[in-house]
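Student: The task is simple: from the sequences and hints, build the whole structure.
Each chain, letter by letter, is given below.
2 protein chains.
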Amino acid sequence: MFGVTILGNNSALPAYDRHPTSQLVTINDQLLLIDCGEGTQMQIARYRIRHSKIAHILISHLHGDHYFGLIGLITSMGLLGREHPLNLYAPADLLDIIQLQLKVASTTLPFPLQFHALTEEGLILDQPKLRIDCFQTIHRIPCWGFLITEKKKPRKIIREKVLEYGIPAAFYENLKMGEDYRTKSGEIIANELVTYANHPNRSYAFCADTLYTENFLDKIKGATMIYHETTYLKDLEERAFARFHSTTTQAASIAAKAMAQKLLIGHFSSKYEKLDQFLSEAREGFPNTDLAIEGVTYLIPN
Amino acid sequence: MFGVTILGNNSALPAYDRHPTSQLVTINDQLLLIDCGEGTQMQIARYRIRHSKIAHILISHLHGDHYFGLIGLITSMGLLGREHPLNLYAPADLLDIIQLQLKVASTTLPFPLQFHALTEEGLILDQPKLRIDCFQTIHRIPCWGFLITEKKKPRKIIREKVLEYGIPAAFYENLKMGEDYRTKSGEIIANELVTYANHPNRSYAFCADTLYTENFLDKIKGATMIYHETTYLKDLEERAFARFHSTTTQAASIAAKAMAQKLLIGHFSSKYEKLDQFLSEAREGFPNTDLAIEGVTYLIPN
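Quick note, the sequences are listed as chains L and U, same order.
For the first sequence, the residue numbers in our numbering are 717 to 1018.
For the second sequence, the residue numbers in our numbering are 717 to 1018.
Keep in mind the hints are simulated off the structure, nothing from the lab.
Zero decoy hints are in this set.
Which copy? The list can't say, so a pair holds if one copy fits it or any two copies do.
With a straight-line Cα cutoff of 20 Å, these simulated SDA-like cross-link-like pairs (lysine to any residue) come out:
{"no.": "1", "residue 1": "K819", "residue 2": "D809"}
{"no.": "2", "residue 1": "K819", "residue 2": "R959"}
{"no.": "3", "residue 1": "K819", "residue 2": "T835"}
{"no.": "4", "residue 1": "K987", "residue 2": "L795"}
{"no.": "5", "residue 1": "K867", "residue 2": "L1015"}
{"no.": "6", "residue 1": "K987", "residue 2": "G797"}
{"no.": "7", "residue 1": "K819", "residue 2": "P858"}
{"no.": "8", "residue 1": "K819", "residue 2": "A808"}
Tutor: Laid out in structure tokens, this is it:
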């Protein structure tokens, strides 16, 4: 399973029982948390998510609606006796805040908190079945988007070709992982000649808070599903720009230009009680759009 | 009206839709907030409280379940355009935390945040109709309780006595405020000879987190209503002591020794789903006890 569960879909001010930003990504039985607004630990409890399974937390930027719930979640994990490491990827200042809050409470976490400061674009997590890259968006303060990519499954072997090239069965596993074969005489048999891809790698691009920009378009091009904020409807484009946010039309435009299969929109302003118009406006520009609704899991399409 | 509305009644870990500590005191149309655990701003919205009317916030200590919701509440007040001052009474380190969190967000509050560090026991707020004193409890880190006292209403004039002493009508308002009268010949007419108290001053003592101690008993003696924590039932007295918390029996004992009219108990451990036994155990030692239930307002008795 590769999907995103929405824990908070609202912008800065909580309203209408909508909460500040938080999303849970499930990938290969691993849980990743993206952003952690106030109340995220209560949302995790509400939706019966086992937070002990969260090994990585990504924080896009240090506006409160994206991280004020983090210290509560972390200290609750500690009170519940977590011992295994928690990895935190965030702007460097967050570590100072956490350390200060732990110090004044005379609290020591019973688990290792492994902090990874976001400083430049690129790879931040590399596992056998998963990689995460970060990229910069344009917001009032430094802000990061995240691209979460399933690593390719083992390639399929083309039986008649491996026989034709005389590749020994002992090397088949290496072929599946994408390696070329070198014959005894030093000849290279390109992997693509004897295998084919199992299926394309799926990916999820979380574009955080941002004004409309194509600056990071190359980073998310071809992502299977994109989350893009739409704080405002299209008639408030000027306000969106002034506040470093985006509109429905702009989110749809980015998804189209990135050639995504699917778009998820969220970070709705508290000025809107109903969300229908967000959906209809975004779908004008990108038909396969969904609203990010709290408690709902959106699967990354195959 | 003089009453306390419970916004959070649970201890450190939120559970069973019970929230970390926060209480709203209404006194003479003024709102005071005591403690501000994570999610307090959502609770304020849920119970339709106008947070713009909160002028004073008291924070007992810097364990997260008593203040992690403060920064969110403060920044939301700012986003909603508050301009009038907010007074904050708390351990000194809280100001560092707030300032760091505002700095990393490049945020300036649009209203004055007047910070009053709690450093010694005694008067912290003195208004014509209200006074607040703080006192130290015994907890794992420095922790403060608060005594909120209605100031005496104007005294009643004893008509035959003012005539008997020949006090001019122009001085009646001073008499009502408790002043003695000085005659032209220099004689002092004690206020008590010509007036009587309208009714006794009511007070509410919030005893924060504490292990069982009589150290602050003299500070809360005679308080009309006392809030005392009861993290555990009476069978877990050792655990309570080890964690600097109290039991039902201990809370009742303090209320009885302080000769309070009423006791409110809260800060229930997440290990308990049902609260009935808290009530029955506390009532054994102090019959006029109520559970602090979220969303309920408890009036200070006359």
